[in-house]
Each structure stands twice: as structure tokens, then as C-alpha cells.
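Undergrad: Each chain, letter by letter, is given below.
Number of protein chains: 2
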Amino acid sequence: MVTQFIAEYVSDVKYADLPESVRHEGVRAFLNWLGCALGGHRHGSVDVAARALAPFSGPPQATVLGRGARYDILLASCLNCLSSSVNTYDDTHAEAMVHPTGPVAAAILAIAEWQKISGPDFIVALCLGIEMECRLSKAVSVAPACGSIAWSQTGIAGGFGAAIAVGKLLGLNKKQLTWAMGTALSQAAGFRAMHGSMNLHMMHARTAPSGIQSALLARGGFTSSEAAIDGKFGFASVFSERPNIDALTKDLGSIFELSANTYKPYPCGIVIHPIIDACLQLRSKLTQMADPIVQVQIKAYREVLTLTYRKQPKDALEAQVSVYYWAAVALLKGRAGLAELGAEFLTDASIAALQERIQVETDASMAIDQAEVTVTAASGQIFDIRVQHCEGSLESPMTDEQLEGKFRMQSLAAVGPAALDRLVNDCWRLEELSDVTHVIRGLD
Amino acid sequence: MVTQFIAEYVSDVKYADLPESVRHEGVRAFLNWLGCALGGHRHGSVDVAARALAPFSGPPQATVLGRGARYDILLASCLNCLSSSVNTYDDTHAEAMVHPTGPVAAAILAIAEWQKISGPDFIVALCLGIEMECRLSKAVSVAPACGSIAWSQTGIAGGFGAAIAVGKLLGLNKKQLTWAMGTALSQAAGFRAMHGSMNLHMMHARTAPSGIQSALLARGGFTSSEAAIDGKFGFASVFSERPNIDALTKDLGSIFELSANTYKPYPCGIVIHPIIDACLQLRSKLTQMADPIVQVQIKAYREVLTLTYRKQPKDALEAQVSVYYWAAVALLKGRAGLAELGAEFLTDASIAALQERIQVETDASMAIDQAEVTVTAASGQIFDIRVQHCEGSLESPMTDEQLEGKFRMQSLAAVGPAALDRLVNDCWRLEELSDVTHVIRGLD
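For the record, the sequence lines run as chains A and B. The numbering of the first sequence is this note's numbering, which starts it at 1 and goes up by one. The numbering of the second sequence is this note's numbering, which starts it at 1 and goes up by one.
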């Protein structure tokens, strides 16, 4: 049974067993996540969710980052994951189609506030949770698994990763770990019809408390199937026609999925990123010409229209998942950051008009980080840019400096300039901390 | 969009719009549910879950029936639904393959403790929640929908029913109702690998708080896709190859799924019930003969082995879903009640030995409430019983008196003889109550 195999590994692995590069990637993932949570904590979605659910919160066990509130660990983890997710600015394991850090980091940060956890223990749990979350997603989605792209892979895999990470921190034994996995897997849920609504991000956010709850139940002796993944009527059977169980076990402990994680330079779905890159480059040419755009032709990855098809998004949540919006904004404004989801852009008639002149074509030969954009100007001149590997992709990853810049930009308003240096410094030296909550002190 | 169609109906329907027979069935469903919750509240699964989750509970807003504890409405609803589910003794809509009342009743009872709710309002919400839960399940499971039998239909449909019922009680407007539905649908989860573990029942139980939370979020303005069921990448697309959306809307308000609900006379999956009936009848013949059983041949419904295949269950949770266990117990002991899941039966060597001499064959021509059992005695004599419609089935439903008897038997230990008459009486006159919590006063 594969849950036992995983439980053995999770239970036995130690900080020293993780390669230095993987540990560092864990720290980068955490830094990026914390910045996204601080950047998103004042989003309307978080306001509404906090107001609606706070009256049912348990004791003030954990901080909701930036919001001056403490709730029980379940609700706090949910809201922190929601904050980090709302701007679609977090991270992506492109092959697994998962935004891996949110569910795991939000869950274990809440645990760390409830029970003192050291930096190395935190990093191990984070790396393990992300590892198994990505492997689970791959087992039911990547060829030959034939999973439906309609599923939210973060929704179906996030709770599993969170349960494993929390189970590791709570010191569950192997039997309990299999139960925690089973209980979390049986809550795997979510589908992409939610794109464009607040609930898209709640599908990710709810996996954090789901993982915590599964681990807590297991610790208490609440049993679950030990054949939850590969058994009869198990997870693999319902989420895939040809599940690839090997993806969960092969090279476990030697090849790490975290090494294939990427961080978003733009706050939107990663299938849009190479198109933004191309449009930003074209923008500088066009500005020099002062030549109005007549037509834009985009060739991109096969799923770009499946996932980001909205031609005239009606609000910021829809704009996050609209290739037309970001191409138009990048071409006309020369920027593609959080500010570009503001009302003045969403109601800009020139952007709306350009969206109508954009044609998108998918190209089976193109990878997820590739795109070609051709602009025809009023003068008749044609400009063409082909992006081979977009910024932030695995082939052109964000450097530590770029990640830190993204972090500072998102966190400044929440913490102020004085605390920011301390915060950045604490994140980078996470492994030296005897209590990881040192990082978030002052962030409530 | 089908969620809008449903929201219109749910929002507009009044107590007087429900036929008298449907309202009465709602009361029967509640009575049966309350008895099961009182009968199950001391089960080890509830003990473990309560102990593990209580430290994270919010204010004492609602009662955990029988347990002398009050938690926030989310946790209380979860534990009450768990209590009602743990003995596999609740109710079943056979066509929808759903145990419909638990998720809905547990959710709205918690709401009723939090905000005063009248009997008629409670009954309307209960009937509506059950209605939509069963219809949703049918839309993705009954031919031609081709859903996988691996899914837990209660797990995937329960939260939807609960969200609708709670939304009705909280007076959500139509837009909010569609959001509540969407958010609940995006948490639809659960698969049958969990059979035989505590988490089988948690898959049902977690739908109650999921429905409440979805309705609370929607009330606060948390948006969700309005195309959550029939839209691109929606619920229907992931749970069925050929979803039958008509099942959700056809004759809504004139034909009621609650009229097809059935209540279990035996604490096990309903596919086993006709076999128990036959074995109990055979038992009386065999007793007269005092003739040992050499072989038992069972012919039954096509899914009997898919769902209840365990030949030598190792504990009560596995025994709940073992056709072999119940056939052997009924033949040897002449009873098939809650007591027959006790340790003295689970460790009885004669039962274990007989299980090995039972052969089960499925018969595509047999309905879910039919079975034929043939017993060969040591003398060579052959006894044969064919059950056309088992006790408790739609064709041979439990009468009000039988339901009351089941209720009294389960509730006696929890409430004592003096309070029992009052409790039974209050349940039957639910529609007269200005505050439904009157029923459960004294049950904490």
C-alpha cells in the first residue's frame, strides 16, 4: 500500500537528509508565500471570509498575518492561505499544476504558533508536504494519468500535503500518518468552474485546515483506510483513468519536486506569463513608434484558452484568469503587477477595446513557458516576439534577489520600512531559528 | 444556469406549498435521525473526534446530543452528524444512494440553536435540503449519468443539501443561495475506500459544517461561480460522464425525493437488508430442525459484492459493510440489531466459521430490495427463501409505529424512560413548535 510506503519515508526523514539546495528552495518558497500572504491580507475576499467565520472561531491560537486578529489554528490557517492565494501571485509547480506552498505553509505556521517548532523542523515539514502534494497531483494528472483538467489540482492535493507536514511536526507514528493521509484525501475537492470568483481561492485555502484536522484526528486515533490511494474505490481510481502510482514513490528522497517549483513574477495564471513577457518587450518597441495597435495575434500553450479564456473580465477576480486582459494591459501600460488589477485599469476603455483586437491560438508544440505575440500597428508595421522561457519559469527562475524584491514590494505596506529588513533577514535565516514564530512576531 | 433555477425555487417555497405527506415524511426523517444520533453518540468514533477537535471549538453555540457538551455550530453539527451515521442505521434514498437526513438535519439543528427557528421553518428547510441533495446525487449517478460507484454520494451531495437548508433558514437572497451552492459543491468529496474505517462516517459528517460554512460565507458576500453545476469545468462535468441535469429541475416542487426515502431496520448497508430478512426467516425453520448449516447460497442485487464484500470483517466498522457477517449472524443468532455488532459476536467462532460457508452471487435481474437465500443443512435438506421487498424498503416501508419503536430503542439509554415519552411526543408535533430546540432541551 502506497500510504504505508509514504508514511515510512515521512516518518524517518531528517533535516540532514535533505540536500542543501532543497532546504534553500524551502526557504525561498516560504519567503515567497509569506510575502503573498502579507500582500493579500487586505483583499476583499479575506475581509468577507474573516467577518463571516470569526464568530465561530475557537481560542486565539494563531495569527492572521497582518490583520490584527488571532483565531483557532484551523481558521487562522484557512485565512492565511486565502491571503496568500487571492492575488494569484503565489507559486506554481507547472507539471503538477499545483500552487504548492500555500496549503502546507499556512497549516504548519499555525501549528508553529500552537506548539513551538524550530526552523529546521519547520523546513523539513514544509519540504515534505510540498513534495507529497506535488507527487500526488502528478499521479492523477500528468500523462499517462489522464486526469481531467477540470479538477483544481491544488484543491485535491493540498490537504494531503498539509496533513503530511502537520503530521510530521506533531510526531505522528506511521499508522497515524496513513490515517491522516486517508482522511485528508477523502476531502480532496474542487473544480475550475470557480475561476473568476472568490471561491477559487477558498478551494485552495480550505485545504490547510483540512490537513490540520486530518492530522489531529489521526493523532487522536481516528482511523481511515490505509488503502486510500491505490485501494479499491480509492483516490487514484476516482481522479484518474490511468493513475500513475509510481509518481508518488519513484526516487522519493532523491529527486525533489520542490526543485521544480516556480514563483510568479506576475499576479495571474502562469500560462499567461510568457505572453506578458512578449507584450512587455513589444511595448517598448511600440512606444518608440507611437503607432496604435490594430491587431494582436498570440500563439501559446495548449491550455491557455482552457484556463484563461475570458475576453472581457468584469472584475479583478476574472481578470486574474484572462489572457486577453493581461496582454492588453502589458501592451498599453507597460506593466503587469498587482496595481494593474486596480479599478482604473479594469474600467479603462482603451484596455477593453484592445482586448477585442486580440486573437489567441493554441499551439500543441509550445510548452507552458513559451509564447509568440505578433502585433500589427496602424502603420502596417508588424512586430513579433517569441519567448522561449518566460521570466520566473523553471528555465529562467526568479533569483533570490528578485524574490526578495517581490517580497519587499508586497510586505512594505503591511509592516512598514523599519520592520521590513528584520523580516526579510529572519526569513533568509529560517534554519537558524529555535522558534519559527520569531519571524512573524509583530505581524498580527 | 441550474443554480439560479434552484435558488428561485428554494427562495420562494413556503411550508404550505409542501404536500402534507411530504411534511410528515420530513418529521419521520427527523425522528429517525434524532434517534440515530442519540443511539450513536457514545460510539468510539465520536469520542475520538470530539476529543481531537474540541480544543479548537468556538463558543458553545450548539449541543452535541447526549454528550453533555456544547461547541460552535460547525463542530457541533459535524459531531451530531457523525453520531447519527456511525451505526450505519440512519436512512437511505436507494436510487440516489444517499443517506440524506444526517448532513441536513445536523446542520439546521445547530442553526436552530444559534437562531430561533420554528417547527414549520425547520421542516421546510429539512425537506428542501434533502430534496436537492438527492436530486444532485441522481444527476451524476443514476443512468444515464454513469457516475462512478466509487464516490461516496453522501459525501459529494450532502454539503449541497445542507447549504441549501441553512441558506433557506438564514434567509439568503437568490444570488447568495447560488453562491452557497457553489461553495458547497466545490467541497464535494469522498470515496468508498473509506468503508470499514471511522472516516467512512466522517465523510458524511463533514458535509454538515461544510454546508453551514458555505451558507455563512455567501451571506457575508463571498462569491462563487453561478455555473457551479452545469458550467464549464463544473460539478456535473467532473462527477459524471453524462450528467443528467434534468434530475435537478424536473418536477421540482411537485415530485419529492423525500417520498422515496427509507429508514433502516438493520444497522448496515441497505443492500444487505433483504438478505437479513431471508436469513431471519430461514433461522426460524432451522431452529425447528436443529440441523447444522453446511452451505449458504445467496443471490442478490448487482452491487452487493461491490459494497459489502468483506468475508471476515476484523471489527465492528468492517462488519457494518459485510454481507457475510450479517447473513451468518442472522442465521445463527436470529437477530440483526445494534447489539449484534458487539464484541461477543465479532469474536464468535461459529459466526466466523459460517461466514466461510457462504457464497454470494449477484443477479442483474434483482432489485436492491430483493434477495434469495438457500441453505443446505447437514441432513441434506435444502431451505430456500426469496424476499421480494425487504423490510424498510420503499415497497414495505417502516410504519410510524416501527419508526417510533426504533427511536425508543436507540434513545432510551441516553434520555431515560421518563423523558422518552416527552421527546417522542415533541418530535411528532414538530410543526406545532415555535422553537424547535424545545425538542432537544435536556439532551445535552
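Calculated directly from the structure, the hints in this document are not laboratory data. Please note that the accuracy of each hint is not assured.
Any copy, or any two copies together, can satisfy a pair, since identical chains are not distinguished.
[What the hints assert, rightly or not] Here are the simulated BS3-like pairs of lysine-lysine, each with C-alpha atoms no more than 25 Å apart in a straight line:
| hint | residue 1 | residue 2 |
| --- | --- | --- |
| 1 | Lys285 | Lys314 |
| 2 | Lys14 | Lys250 |
| 3 | Lys250 | Lys285 |
| 4 | Lys299 | Lys174 |
| 5 | Lys175 | Lys285 |
| 6 | Lys333 | Lys299 |
| 7 | Lys232 | Lys250 |
| 8 | Lys232 | Lys299 |
| 9 | Lys175 | Lys299 |
| 10 | Lys14 | Lys333 |
| 11 | Lys14 | Lys314 |
| 12 | Lys174 | Lys285 |
| 13 | Lys333 | Lys285 |
| 14 | Lys175 | Lys250 |
| 15 | Lys311 | Lys175 |
| 16 | Lys314 | Lys232 |
| 17 | Lys174 | Lys314 |
| 18 | Lys314 | Lys175 |
| 19 | Lys116 | Lys299 |
| 20 | Lys232 | Lys311 |
| 21 | Lys311 | Lys333 |
Undergrad: Run the structure past the numbered hints and jot down the numbers of the failing ones, going up.
TA: 1, 3, 4, 5, 9, 10, 11, 12, 19
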